[in-house]
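Given only the sequences and the hints, what does the whole structure look like? Please build it.
If you read the protein sequences in the order shown, they are chains A and B. According to numbering that gives the first Met the number 0, the first sequence is numbered sequentially starting from 0. According to numbering that gives the first Met the number 0, the second sequence is numbered sequentially starting from 0.
These are computed hints drawn from the structure, not numbers from a lab. For every residue, glycine included, the Cβ atom is placed at its ideal position computed from N, Cα and C. One or more hints might be untrue.
Covered stretches of chain B, going by a simulated chain A footprint (3 or more residues, C-beta under 8 Å) [as the list claims (entries may be wrong)]:
no., region
1, 81-89
2, 97-111
Not everything, but these chain B residues come out facing chain A in the computed CB check (under 10 Å) [stated by the list, open to error]:
no., residue
3, Glu12
4, Arg47
5, Ala50
6, Leu52
7, Asp74
8, Arg75
9, Ala78
10, Ala143
11, Arg146
12, Arg150
13, Gly216
For lysine-lysine, the following DSS-like pairs were computed, each having C-alpha atoms within a straight-line distance of at most 25 Å [as the list claims (entries may be wrong)]:
no., chain 1, residue 1, chain 2, residue 2
14, B, Lys247, B, Lys277
15, B, Lys321, B, Lys291
16, B, Lys73, B, Lys101
17, B, Lys101, B, Lys167
18, A, Lys118, B, Lys10
19, A, Lys282, B, Lys130
20, B, Lys10, A, Lys115
21, B, Lys1, B, Lys151
22, B, Lys276, B, Lys294
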Amino acid sequence: MIKQKKKGLYLSDRPPLTPLKTILLAISYILLFAYVFVILWPLAQIVLSSFNGSQSQYIRIGGTYQFSFKHFKFLFEEKPFLKWVINTIVIAVATALLTLLFVSFTGYAYSRYRFKGRKASLMAIMLIQTIPTFVGIAAFYTLHSIISAAIPGFSRQMFLVLIYAGGGIASNTFILKGYIDSISTELDDAARIDGCGNFQVYRLIIMPIVRPMLAIIALWSFIGPFLDYMLPSIILGDPEQYTLATGLYTLINDSRNMHQPAFAAGGLLTALPIVILFIALQKQLVSGLASGAVKG
Amino acid sequence: MKIQLNNIGKKYEGRENFTIRNIDLEIDDKDFCVILGPSGCGKSTLLRMIAGLTSITEGDLFFGGKRMNSVEPKDRDIAMVFQSYALYPHMTVYENMAFSLKMRKERKSVIHERVLEAAELLQITEYLYSKPSEISGGQRQRVALGRAIVRKADVFLMDEPLSNLDAKLREHMRVELVRLHQSLETTSIYVTHDQTEAMTMATKIVLLDQGKIQQVGSPTLFYEKPANLFVAGFIGSPTMNIFRGKIKHGHFLSSEEDFVIEPKAKDRELLKPFEGKKVAMGIRSERFIAGKADKNAINVKVDVIEMLGKEQLLYCQFPNGKECVISEPGYFEYAVNEEHNFHLDIEGLHFFDEETTERIN
Ligand SMILES: Nc1ncnc2c1ncn2[C@@H]1O[C@H](COP(=O)(O)OP(=O)(O)OP(=O)(O)O)[C@@H](O)[C@H]1O
Ligand SMILES: [Mg+2]
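Shown next as structure tokens:
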């Protein structure tokens, strides 16, 4: 009796499936599973290989499996892996902080103030963005020699931070400006009447509202140095100064030093700081704070 | 605090003309001054100049005799309620209300006391720890008011604070606001485009149009002696009836020559210079008296009846199609398409010069 009733009632919000639609649905599921497989399979191989003690230079699929921390040990003992981690984190944190600081000012200024050359400079920033960083290498060298002549303690790592932050500031200024544009200027006015100066308006009112956006910008600027292997390998001379990506790259870029499982192990460890930061910022990333500011 | 505007004007960057200009105005201490005008006439601009949020292009602004043109908004001792409420979304209601006091480094206990006091007055105690996004529009509006009153500022500025509320709540808040103003003993400046709000709340109305002040005065003055045709048409509901015509032998003759009005002696004196000239005559709907008379009489056909209970509005037509609105007590019996006789109360006539649109009598 009850079963019959259940069968007779169609409770889904969507119209019932026709046979053709059932087939299409099945196909899309198959495609999705294939896609997941394509992504997860190599990842699984990386995880497996990094713990496989029976592999040496190359990652081979199949063969014997012997669980060990051999490759991790190799990284820490034979290679300056810890140094790379520290280098990368220092550079990443410095980049993120510098980017946040500057983008806060530029984004706010471009959104709230009308000044001469506002449009032109915005356009210029956008156009410069289209030139790949790599092309700038020659300019970077010249710049570095100029700056280090003026400031003796200016290291190559600091220079790397400047390059990363410079790129980040340009592109993120747009994003933050757009976000601040969507906040009613009456909030600024209200804050001004309540006793805020220009800087306080940003710090006490605008910044808390754009926090999700700032968290994303921080995250992206932080991740950047983890992913880029090319610039550090050109700008930093000493392998001791290398960042993770560049350091790990030395493990696979020529056959004499080839050590693929260790590369996989390093890759795994690289993900850790990013994941930690992501978890730490999760609360900030939740947006929707701005709703309810002005009439609903 | 007495507020004085001397020949104030504002020209926005990139605009060709002044948005408002030659504004001379004096707002006395404890006045409830309503700045009234149609949308886009520059009311908000004027208010923002008083608040210091927009720069003053020309002229001088004085607060209690002190020139304020270049004083920062935070140093002007003002509180403001914005059209969109502008509550800080990341703060609770309590923090929103406490913010201005915190910025002024008040003691914690003083802040707490003032916030609770204001919350009680506005009946928002229950929501003190909610975020603005979690409360209704009407409650947000109260919070915005609360945020302004905790300051106990000398000048209280409001920019259409009631425009987002429903009719019932608006009516209620009108009274509340006036009460609030009286209990705070501040000088209030209130911007609106709603003439009802102006008439019911103001001690002084400033009517703006096209960047100029059209008239300043008490609500009664606005109703009984509108300074020009624009004011006459803007103030009062239903809108004043305006008839075009000319003066002939000291009498007002409508332009279709379908009726003649004999003004009272005082008006006739004032109308003398307009003999033969074009003049507009205004009369409010309640100044029509039902019944036949041998002078100043009209005969019209009732077109539409709006029954309001205590009175009814008769939208009538003259034989030549000209329209007028007449209000009569609700218990009189009228029906659509009936013809009726009315005569005009000559005490309630307004005469305007057609050329300058200025008031004559
Ligand atoms: N920042 C600005 N830059 C240029 N022009 C402006 C600016 N703000 C307002 N204006 C212009 O000034 C005029 C008056 O604007 P204002 O906001 O004072 O009108 P208002 O009387 O408050 O209207 P409403 O009742 O619709 O709020 C408008 O024509 C508007 O286009
Ligand atoms: Mg306005």
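Hints and how they fare:
Residues of the region 81-89 of chain B lying with their CB closer than 8 Å to a CB of chain A number 9, which satisfies the three-residue condition for coverage. For the region 97-111 of chain B, the proposed coverage by chain A is satisfied: 4 residues have a C-beta within less than 8 Å of a C-beta in that chain, meeting the threshold of three. For the restraint placing Glu12 of chain B at the interface with chain A, the shortest Cβ-Cβ distance is roughly 7 Å, inside the 10 Å limit, so the hint holds. At its closest, the beta carbon of Arg47 of chain B sits 8 Å from a beta carbon of chain A; the interface hint therefore holds under the 10 Å criterion.
Taken as an interface hint, Ala50 of chain B checks out: its beta carbon lies about 6 Å from the nearest beta carbon of chain A, inside 10 Å. Hint on Leu52 of chain B holds. Least Cβ distance to chain A is approximately 5 Å, under the 10 Å limit. Among the interface hints, the one on Asp74 of chain B holds; its C-beta lies about 9 Å from the nearest C-beta in chain A, closer than the 10 Å criterion. A distance limit of 10 Å between C-beta atoms decides the matter here; for Arg75 of chain B the minimum to chain A is near 8 Å, and the interface restraint holds.
Satisfaction of the interface hint for Ala78 of chain B is found here, the shortest Cβ-Cβ separation to chain A being roughly 7 Å, below the 10 Å cut-off. Contact between Ala143 of chain B and chain A, as hinted, is supported at the beta carbon level, the nearest pair being about 9 Å apart and thus within 10 Å. For Arg146 of chain B, the suggested interface contact is upheld, since its CB lies about 8 Å from the closest CB of chain A, less than 10 Å. Restraint check, Arg150 of chain B versus chain A: the minimum CB separation of about 8 Å is within 10 Å; hint holds.
Annotation: Gly216 of chain B was flagged as interfacial toward chain A, and the flag is violated, the nearest CB pair being 29 Å apart, outside 10 Å. Between Lys247 of chain B and Lys277 of chain B the CA atoms are separated by roughly 10 Å; this keeps the pair inside 25 Å, and the hint holds. Of the pairs offered as hints, the one joining Lys321 of chain B and Lys291 of chain B holds, with about 20 Å between alpha carbons and a cut-off of 25 Å not exceeded. At most 25 Å may separate the alpha-carbon atoms for a hinted pair to count; Lys73 of chain B and Lys101 of chain B meet this at roughly 13 Å.
Pair hint Lys101 of chain B plus Lys167 of chain B does not hold up; C-alpha atoms about 35 Å apart against a cutoff of 25 Å. Restraint check: the Cα-Cα separation between Lys118 of chain A and Lys10 of chain B comes to about 22 Å, which is no more than 25 Å; the hinted pair holds. Distance check on the hinted pair: Lys282 of chain A and Lys130 of chain B sit about 17 Å apart at the alpha-carbon level, within 25 Å; holds. A C-alpha spacing of about 18 Å is found between Lys10 of chain B and Lys115 of chain A, which places the hinted pair at or below 25 Å, so the restraint holds.
This hinted pair checks out: Lys1 of chain B and Lys151 of chain B have alpha carbons roughly 16 Å apart, not beyond 25 Å. Note on Lys276 of chain B and Lys294 of chain B: the hinted pairing holds, with a Cα-Cα distance of about 22 Å set against a maximum of 25 Å.
In summary, the structure is inconsistent with hints 13 and 17 from the numbered list given earlier, while agreeing with the others.
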